[in-house]
Amino acid sequence: MIGILKVITVNINGAPRQLPDSTSVASLIDELGFTGKRIALERNGEIVPRSAFAAQQLADGDRLEVVVAVGGG
Amino acid sequence: MNDKLIIAGKSYSSRLLVGTGKYKDFAETRAAVEASGAEIITIAIRRSNIGQNPNEPSLLEILPPSKYTLLPNTAGCYTAEDAVRTLRLARELLDGHTLVKLEVLGDPQSLYPNVIETIAAAKTLVAEGFQVMVYTSDDPIVAKQLEDIGCVAIMPLASLIGSGMGILNPWNLQLIMERVQVPVIVDAGVGTASDAAIAMELGCGGVLMNTAIAAAHNPVLMAGAMKKAVEAGREAYLAGRMPKKLYSASPSSPTAGIIGSTR
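Which chain is which? The protein sequence lines are A and B, in order. My numbering puts the first sequence at residues 1 to 73. My numbering puts the second sequence at residues 1 to 263.
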């Protein structure tokens with residue numbers, strides 16, 4: 001069965017990552033352990049609001065930035 | 001005394017704004033921020049660590065948005081585009097929060113602001129509804145342009161970021177304050193308490209600092225010193241200092257009735 005699963009490659013914070021086709025932003029966030037955490041996500045230069053995480057499907061070649069707040073001046 | 005710092009229509013009791021970087025751990029960050037009395041604190045936006053423990057405590061748990069006005073910055077950005085993207089992410093991260101600190105740097109050695117990119121970013125951000133507190137050079141013409149664009153505070157450097165060199169050009173700060181109606185907040189260069197007091201005595205609306213506290217031998221003690229210095233400097237400014245009178249000595253005690261006098 002694995003042979004017929006299509007795999008996509010997305011770039012997350014500068015590093016490539018392979019995911020099953022039709023992965024939603026929400027399931028990726030869950031896989032990364034960020035569910036319920038304060039993060040913000042940009043997909044191909046555009047903000048993806050938290051409310052759209054479940055509906056948005058990732059596509060091959062997507063560039064994602066996942067950010068948090070850190071100490072700074 | 002009812003003397004509030006008003007930024008974008010919101011009033012603050014403390015005129016000291018502090019950064020949250022360079023502390024040895026979150027406990028020290030929190031203790032220093034508390035000792036400073038600051039209400040507005042800057043934070044940075046960075047890529048999350050993918051694959052590392054997602055359960056480690058986050059800065060926003062230590063310094064919650066319910067208790068502080070968080071000021072996300074664009075530190076490390078060298079183009080208007082990167083700065084704008086960073087602050088759009090910050091707005092999403094902080095549930096629509098629009099008060100931000102814009103800084104677009106010119107080179108990594110000096111961290112001197114690139115005012116051309118800063119102006120371009122400010123225009124975009126103001127058009128998108130951000131309330132922009134802007135880090136800039138101490139050029140009074142640029143400062144006025146940034147105000148005209150709609151920035152809610154002008155934040156000139158006193159000297160280079162993290163240098164601790166103090167206020168190198170008080171005359172330029174005065175030129176800026178003469179031209180700009182929004183608060184002028186010295187951002188960068190303060191090294192010790194007297195620097196902060198001098199900035200406030202000049203009439204600045206506030207002082208923003210990070211390294212001067214975080215890099216002190218005892219950051220929490222220095223945070224308290226900075227709080228007092230900003231308050232003292234502000235009160236001295238409001239009180240109005242006496243004129244300087246070289247060679248015109250005036251005794252503080254009565255000149256009459258001195259024992260042994262002949263009159």
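These are calculated hints, taken from the structure and not from any lab test. Think of the CB as a built atom: it goes at the ideal place given N, C-alpha and C, for glycine as much as any other residue. A hint or two may mislead.
Taking lysine-lysine pairs in the DSS-like style, the calculated list, with each CA pair at most 25 Å apart, reads [stated by the list, open to error]:
| # | chain 1 | residue 1 | chain 2 | residue 2 |
| --- | --- | --- | --- | --- |
| 1 | B | K67 | B | K244 |
| 2 | A | K37 | B | K4 |
| 3 | B | K67 | A | K37 |
| 4 | B | K144 | B | K123 |
| 5 | B | K228 | B | K10 |
| 6 | B | K10 | B | K67 |
| 7 | B | K144 | B | K22 |
| 8 | B | K67 | B | K22 |
| 9 | A | K37 | B | K123 |
Here are some, though not all, of the chain B residues that point toward chain A, as calculated from beta-carbon distances under 10 Å [claimed, not checked]:
| # | residue |
| --- | --- |
| 10 | Y23 |
| 11 | N55 |
| 12 | Q145 |
To be clear about the criterion: a stretch of chain A counts as covered by chain B if any three or more of its residues have a C-beta under 8 Å from a C-beta of chain B, and this derived list gives those stretches [claimed, not checked]:
| # | segment |
| --- | --- |
| 13 | 34 to 42 |
| 14 | 58 to 64 |
Tested hints:
no.	hint	result
1	B:K67 with B:K244	violated (43 Å)
2	A:K37 with B:K4	violated (35 Å)
3	B:K67 with A:K37	holds (19 Å)
4	B:K144 with B:K123	holds (14 Å)
5	B:K228 with B:K10	holds (23 Å)
6	B:K10 with B:K67	holds (15 Å)
7	B:K144 with B:K22	violated (32 Å)
8	B:K67 with B:K22	holds (21 Å)
9	A:K37 with B:K123	violated (32 Å)
10	Y23	holds (6 Å)
11	N55	holds (8 Å)
12	Q145	violated (24 Å)
13	34 to 42	holds (count 7)
14	58 to 64	violated (count 0)
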